[in-house]
Amino acid sequence: MKHHHATLPAPVAESLGGDLVSRYGAGLRRRYLILAALAVLTVLMALQAIAVGAYDLSPYKVLLILLGQGEGAQSVVVFNIRLPRIVAAIVTGWGLGISGLLTQSLLRNPLASPFTLGMSHGAAFGAAFAIVFMGAGAVSTSALYSAGSGDFMFSSLYAVTLMAFAGAMAATVVIVLLARMRQMSASAVILAGVAMSSLFMSGTILIQYFATEVEIATVVFWTFGDVARSNWREILVLAVATLLVSAYFLRHRWDLNALLAGEETAQALGVHVTRLRLLGMFLASLLVALATAFHGIIAFLGLLAPHISRRLVGGDHRLLVPCSGLVGSALLLAADTVGRLVVGSGSLPVGVLTSFMGAPLFLYLLLKGKRL
Amino acid sequence: MTLEAKDLHFNYNGQPVLRGLNLSLEHGEITGILGVNGAGKSTLLRCLNRILRPQKGVVMVEDRDLSKLGGEQIARLIGYVAQSQEREPLSVFDAVLLGRKPHIKWQATSHDLEVVTRVLTQMGLEPLALRPVSSLSGGEAQKVVIARALAQEPHLLLLDEPTSNLDLRNQLEVMELLMQAVRDQGLGAAVCLHDINLALRYLDRIVLMKQGQVHALITPEELTADIIRQVYGVEAILAEVEGHRVVIPRSASPRKPARPATQYAT
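Line by line, the protein sequences are chains B and V.
Position 322, counted from 1, in the first sequence is what the numbering used here calls 322; the numbers after and before it change by one each time, with no gaps.
Position 61, counted from 1, in the second sequence is what the numbering used here calls 61; the numbers after and before it change by one each time, with no gaps.
Hints may be right or wrong, so weigh each one.
Looking from chain B toward chain V, a few residues come up when the C-beta cut is under 10 Å (computed) [said to hold, decoys possible]: (1) TYR24; (2) ASP255; (3) GLY262; (4) ALA266; (5) GLN267; (6) LEU269; (7) LEU312; (8) GLY314.
Cβ pair distances, simulated, as ranges [to be verified]: (9) HIS215(V) to TYR364(B): 19 to 27 Å; (10) PRO59(B) to GLY138(V): 52 to 60 Å; (11) HIS194(V) to SER185(B): 26 to 34 Å; (12) GLN107(V) to PRO59(B): 35 to 43 Å; (13) ILE205(B) to HIS194(V): 20 to 28 Å; (14) ILE205(B) to GLY138(V): 50 to 58 Å; (15) TYR248(B) to PRO16(V): 58 to 66 Å; (16) GLY138(V) to TYR364(B): 25 to 33 Å; (17) ARG251(B) to SER110(V): 16 to 24 Å; (18) PRO16(V) to VAL237(B): 47 to 55 Å; (19) SER84(V) to ALA188(B): 14 to 22 Å; (20) TRP232(B) to ASN165(V): 55 to 63 Å.
No wet-lab data here; the hints were simulated from the structure.
Idealized CB from N, CA, C, for every residue including glycine.
With the rest of the complex left out, here is chain B:
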């Protein structure tokens, strides 16, 4: 079939068009620059974060040590104490930022996040269940963990992770069914999330009655997230999962954009909406489960990161996917570093700080009452 597009004389249309495309391109480039600046900022923050602490180093010195030019004690501080925690913050922050974006975009709900939908609490409950009833938390010398003293030793990292995933999925399934079955408002879905959070929290407390003291300490650790106890094995698992999920949704960024125009329109543009939503929520649960199993409940981070990103680069998922990850990383890194400096012993969990940032934003969004 032949297409004619002769509404304007060709030269006029072209001159207008050429100008528009270049102005559009300039706007897009500006937003990619913001993204690049954010990436640079995060790297600088990471260097600074490695430098500060009880044993002070200069960021330049840190760079030298990272490049293998350090002396014994300094290298130990950097590689064994600070670096794992900082890389963990970056990876976990990225993962939670992405999963927050996914829940918001796929459910088309600006209030959605792993924390507000009850997925985090579900994961924590699953982890607690594994520790107390499946013996996964027994202190033993054959532990997978080998790093410094504060570590909890699990005889089975897999049981904890698997059960955390089951818990997060349980919350996700309920939310997806509710959001699907009835025309529920965004806030109503969040109320269901709140109900599930308290259910899982009560479950976690109930479990503690059957636990030993060591197990209780381990379980309590989950209620306020912390990246202080990190090891490379966990970091690697989370990093691989996060990378794969991010790549998948970068691949499907146009589908996520199409969903912004409404479900029917997305379908008419060739998006398999149901498959995208189910798979996306499944992958988001996976990231939340891993992050929570390793680091506990980090409140509101998944809510904060996408909203800050929308302010920075707009609603386009081409930029929003990487930006939500980056903002998540930067926020968690900042929260962890501040927590480390404010309390000398380095024991203020990041979950406390992210709550202080996230709860006001949540209230603001609730008042604004806008659909995504």
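Place chain V on chain B using the hints.
Just chain V, lined up with the frame of chain B:
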């Protein structure tokens, strides 16, 4: 012929909505789909592009059986404008660029950007191109949605009440832009409408639906008071004003007689 639908059946929760409906659409023509609320107009449109899967029947577009095509292949054939519209948090340009989604492999190419620019110009949206969709008026936003469907470079357009939330001026503007696009590009088009006068003025053919079937397939000239009574249960006069046929409804006769006007005056 751009579309041919044969013997479409669709049940919703066990209730038949479409019962053996047949329809064909021609290149360069706009066909209106009219009928009372619940006659199955929107369902028909969604069955035609397989947002809904008809339980029985065949839809052929450009001689290809849609049930054998994937979502993106269908999206390259059919542009669809849904009834309820969302205001996406994107610029007008990006919102229309979404129409290129079925064609985009990994990144939008310069050809995609060209198509978007051409459609924006065609719809008169060029000055608004970099503004957020959320800042537009209802009429402008409706043009964005139609522009997105045109950016798909489809062979066929399906529009579900594209003028229902628009003021008089925007109704005329949108219909005229649509007509022009369909004529210029030789597209097929089906439009669900409630406004009979708009249909008489702009459409080439009119399908009147009743209880999930085609009650009448006519040209605007062939519409009679009888048909209106049969389809809508309304007594109406057909008049001609300055060369345009217009329908003037009198009363909803077969049900109750209208109450005296004094009861409304308070």
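Verification of the supplied hints:
no.: 1; hint: TYR24; verdict: 5 Å, holds
no.: 2; hint: ASP255; verdict: 8 Å, holds
no.: 3; hint: GLY262; verdict: 4 Å, holds
no.: 4; hint: ALA266; verdict: 9 Å, holds
no.: 5; hint: GLN267; verdict: 5 Å, holds
no.: 6; hint: LEU269; verdict: 5 Å, holds
no.: 7; hint: LEU312; verdict: 13 Å, violated
no.: 8; hint: GLY314; verdict: 7 Å, holds
no.: 9; hint: HIS215(V) to TYR364(B): 19 to 27 Å; verdict: 53 Å, violated
no.: 10; hint: PRO59(B) to GLY138(V): 52 to 60 Å; verdict: 54 Å, holds
no.: 11; hint: HIS194(V) to SER185(B): 26 to 34 Å; verdict: 28 Å, holds
no.: 12; hint: GLN107(V) to PRO59(B): 35 to 43 Å; verdict: 36 Å, holds
no.: 13; hint: ILE205(B) to HIS194(V): 20 to 28 Å; verdict: 57 Å, violated
no.: 14; hint: ILE205(B) to GLY138(V): 50 to 58 Å; verdict: 52 Å, holds
no.: 15; hint: TYR248(B) to PRO16(V): 58 to 66 Å; verdict: 41 Å, violated
no.: 16; hint: GLY138(V) to TYR364(B): 25 to 33 Å; verdict: 28 Å, holds
no.: 17; hint: ARG251(B) to SER110(V): 16 to 24 Å; verdict: 21 Å, holds
no.: 18; hint: PRO16(V) to VAL237(B): 47 to 55 Å; verdict: 53 Å, holds
no.: 19; hint: SER84(V) to ALA188(B): 14 to 22 Å; verdict: 19 Å, holds
no.: 20; hint: TRP232(B) to ASN165(V): 55 to 63 Å; verdict: 58 Å, holds
Hint compliance for this structure: hints 7, 9, 13 and 15 are broken, all remaining hints hold.
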